[in-house]
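Top line first, the protein sequences correspond to chains A and B.
Residue numbering for the first sequence follows the working numbering, starting at 110 and increasing by one per position.
Residue numbering for the second sequence follows the working numbering, starting at 5 and increasing by one per position.
Source of the hints: derived by calculation from the structure; they are not laboratory data.
Do not take every clue at face value.
[To be verified] Okay, the calculated beta carbon distance ranges per label pair:
hint	chain 1	residue 1	chain 2	residue 2	range
1	A	Ser-181	B	Leu-49	46 to 56 Å
2	B	Arg-105	A	Cys-150	18 to 28 Å
3	A	Arg-113	B	Ser-27	36 to 46 Å
4	A	Glu-234	B	His-279	29 to 39 Å
5	A	Gln-203	B	His-279	42 to 52 Å
6	B	Leu-49	A	Arg-113	21 to 31 Å
7	B	Thr-64	A	Ala-115	13 to 23 Å
8	A	Cys-150	B	Ser-221	37 to 47 Å
9	B	Gly-210	A	Cys-150	43 to 53 Å
10	A	His-262	B	Pro-247	28 to 38 Å
11	A	Arg-245	B	Pro-273	53 to 63 Å
12	A	Glu-232	B	Asn-214	46 to 56 Å
13	B	Gln-13	A	Glu-237	30 to 40 Å
14	A	Ser-181	B	Ser-27	44 to 54 Å
[Claimed, not checked] Derived contacts from chain B toward chain A, CB cut-off under 10 Å, selection only:
hint	residue
15	Gly-40
16	Pro-45
17	Asp-59
18	Asn-61
19	Thr-64
20	Glu-65
21	Ala-85
22	Ala-108
23	Ile-111
24	Trp-115
25	Ser-192
26	Thr-195
27	Gly-272
Nothing here was measured: the structure is a model prediction, and the numbers come from that model.
C-beta: ideal position from N, C-alpha, C; glycine also.
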Amino acid sequence: MTMRVAVTVNGTEYARDVEPRLLLIHFLRDELGLTGSHWGCDTSNCGSCVVWLDARPVKSCTVLAAMADGRSVRTVEGLEQDGRLDPVQEGFIQCHGLQCGFCTSGMMMTARWLLDHHPDPDEAEIREVISGQICRCTGYENIVRSIRWAAKHSRQDDEEAAG
Amino acid sequence: MHYMQVPSQVEYERATSVEHALSLLSRPDTRVVAGGHSLIPMMKLRLAQPGMLVDINGLTELAYIRLAGGQLCIGALARHADLLDSAVAGELFPIFHDAERVMADPIVRLWGTVGGSLCQADPSEDLSAVFAAVRATAVIRGQDGDRLVPVREFHLGPYETVIGPGELLAEVRVPIQPGTGSAYQKVSRRTGDWSVAAAGAALRVGEGGNHEPVISSAGLGLTAVGAEHFVAAEAEAFLAGQPPDEASFGRAGAIAAQHCHPVADQRGPEDYKRHLVAELTTRALRRAWSRASRARAGRPS
Numbered sequence: 110m111t112m113r114v115a116v117t118v119n120g121t122e123y124a125r126d127v128e129p130r131l132l133l134i135h136f137l138r139d140e141l142g143l144t145g146s147h148w149g150c151d152t153s154n155c156g157s158c159v160v161w162l163d164a165r166p167v168k169s170c171t172v173l174a175a176m177a178d179g180r181s182v183r184t185v186e187g188l189e190q191d192g193r194l195d196p197v198q199e200g201f202i203q204c205h206g207l208q209c210g211f212c213t214s215g216m217m218m219t220a221r222w223l224l225d226h227h228p229d230p231d232e233a234e235i236r237e238v239i240s241g242q243i244c245r246c247t248g249y250e251n252i253v254r255s256i257r258w259a260a261k262h263s264r265q266d267d268e269e270a271a272g
Numbered sequence: 005m006h007y008m009q010v011p012s013q014v015e016y017e018r019a020t021s022v023e024h025a026l027s028l029l030s031r032p033d034t035r036v037v038a039g040g041h042s043l044i045p046m047m048k049l050r051l052a053q054p055g056m057l058v059d060i061n062g063l064t065e066l067a068y069i070r071l072a073g074g075q076l077c078i079g080a081l082a083r084h085a086d087l088l089d090s091a092v093a094g095e096l097f098p099i100f101h102d103a104e105r106v107m108a109d110p111i112v113r114l115w116g117t118v119g120g121s122l123c124q125a126d127p128s129e130d131l132s133a134v135f136a137a138v139r140a141t142a143v144i145r146g147q148d149g150d151r152l153v154p155v156r157e158f159h160l161g162p163y164e165t166v167i168g169p170g171e172l173l174a175e176v177r178v179p180i181q182p183g184t185g186s187a188y189q190k191v192s193r194r195t196g197d198w199s200v201a202a203a204g205a206a207l208r209v210g211e212g213g214n215h216e217p218v219i220s221s222a223g224l225g226l227t228a229v230g231a232e233h234f235v236a237a238e239a240e241a242f243l244a245g246q247p248p249d250e251a252s253f254g255r256a257g258a259i260a261a262q263h264c265h266p267v268a269d270q271r272g273p274e275d276y277k278r279h280l281v282a283e284l285t286t287r288a289l290r291r292a293w294s295r296a297s298r299a300r301a302g303r304p305s
């Protein structure tokens, strides 16, 4: 029993015949080969699988691929634009926001969404928004610093573009 | 490919209108999926094995929070994040914002729905206790029209509600009463976890014969502690007619603790949970009264 599922991922439309029970994370990783999103706890607790569905972050282990049919998805592979890293990615490099890297794609997708809505979040706001995502390496300190770095440098980019 | 947790085979249909959803739901083995953040994990564990899922995420006509007829009306498809962002809901019923701040996490709250929380009927669910405290009414839509069921009669037991085949929860209505204050207090093991215990209070205060404040009615909701219909009925009955003071609030907490039915589990032993019920009920009442008295004084709560 399969159904046709068509999803626009990072601007490209993909269509696959899949079982209705297939989870979005497995659709992305195994059907499309987009392995940047990670499959972690499988219980919507850890947040490694966070992607955007119609411009809002979601834990993709808890969404059926069928539910994304006709919708758009953005994954970590879609953060870089025209060969230029997103300020969030640059921030994670500059501030050592990762060690093992397992949680990183989910953290960055949530961070990008936060900064799109709150360009200058304070530390408490950052910690709140990533409170449903688990990092076992950094103790979160460097993740918070990375997102702050991205906030600062996103604004500078905007000012340069405006100037 | 070897996946650790996969739901069993299921059919999938996307509802294009409420009428279409009701027609699909007339098949008895269907389940509604909205946020899916309780149902899909339960399907992975085979705790739920629906034959067909009816996806109602496209029914945006059920996604609203508005005032109508002296009531706050919350569409079943309103997301937790919408309720937390709603200034009108927070102003009238701060208990909603208290609870939403400590439910799950911000990403889950973007998808989980108010209606889904009630229909999941988890015995540790927060909004069930909140809606019980504020004496809300569930609007259940069927092919023959709407029927209204008090939230206090909505749950039949764990994971069971009064919603039958061919029916859909459409809205939850909360009566707005002047002079009311409300609050929610929860203890969980870590951020975003289910409650070890939690208590919600909605307090309506009037004036007694000597112009001193007197509690005209109290709504007390409890979750995760085996309270029937999420209600602390004996404590509510005690509070009516009492002065809104520390002695009344403490006594109500003790009564609530005595009459609930917590069970020992990985979140704690029974006596600890009863202790929490007493303390959290008292604190929720204290805060509800503080907010009610500010509202009475004409200041924003």
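Consistency of the hints with the structure:
| no. | hint | in the structure |
| --- | --- | --- |
| 1 | A:Ser-181 x B:Leu-49: 46 to 56 Å | violated, 30 Å |
| 2 | B:Arg-105 x A:Cys-150: 18 to 28 Å | holds, 23 Å |
| 3 | A:Arg-113 x B:Ser-27: 36 to 46 Å | violated, 23 Å |
| 4 | A:Glu-234 x B:His-279: 29 to 39 Å | holds, 34 Å |
| 5 | A:Gln-203 x B:His-279: 42 to 52 Å | holds, 48 Å |
| 6 | B:Leu-49 x A:Arg-113: 21 to 31 Å | holds, 28 Å |
| 7 | B:Thr-64 x A:Ala-115: 13 to 23 Å | holds, 21 Å |
| 8 | A:Cys-150 x B:Ser-221: 37 to 47 Å | holds, 44 Å |
| 9 | B:Gly-210 x A:Cys-150: 43 to 53 Å | holds, 50 Å |
| 10 | A:His-262 x B:Pro-247: 28 to 38 Å | violated, 58 Å |
| 11 | A:Arg-245 x B:Pro-273: 53 to 63 Å | violated, 30 Å |
| 12 | A:Glu-232 x B:Asn-214: 46 to 56 Å | holds, 51 Å |
| 13 | B:Gln-13 x A:Glu-237: 30 to 40 Å | holds, 39 Å |
| 14 | A:Ser-181 x B:Ser-27: 44 to 54 Å | violated, 29 Å |
| 15 | Gly-40 | holds, 6 Å |
| 16 | Pro-45 | holds, 6 Å |
| 17 | Asp-59 | holds, 6 Å |
| 18 | Asn-61 | holds, 7 Å |
| 19 | Thr-64 | violated, 12 Å |
| 20 | Glu-65 | violated, 18 Å |
| 21 | Ala-85 | holds, 9 Å |
| 22 | Ala-108 | holds, 7 Å |
| 23 | Ile-111 | holds, 5 Å |
| 24 | Trp-115 | holds, 6 Å |
| 25 | Ser-192 | violated, 12 Å |
| 26 | Thr-195 | holds, 5 Å |
| 27 | Gly-272 | violated, 20 Å |
Consistency note: the structure conflicts with the earlier hints numbered 1, 3, 10, 11, 14, 19, 20, 25 and 27.
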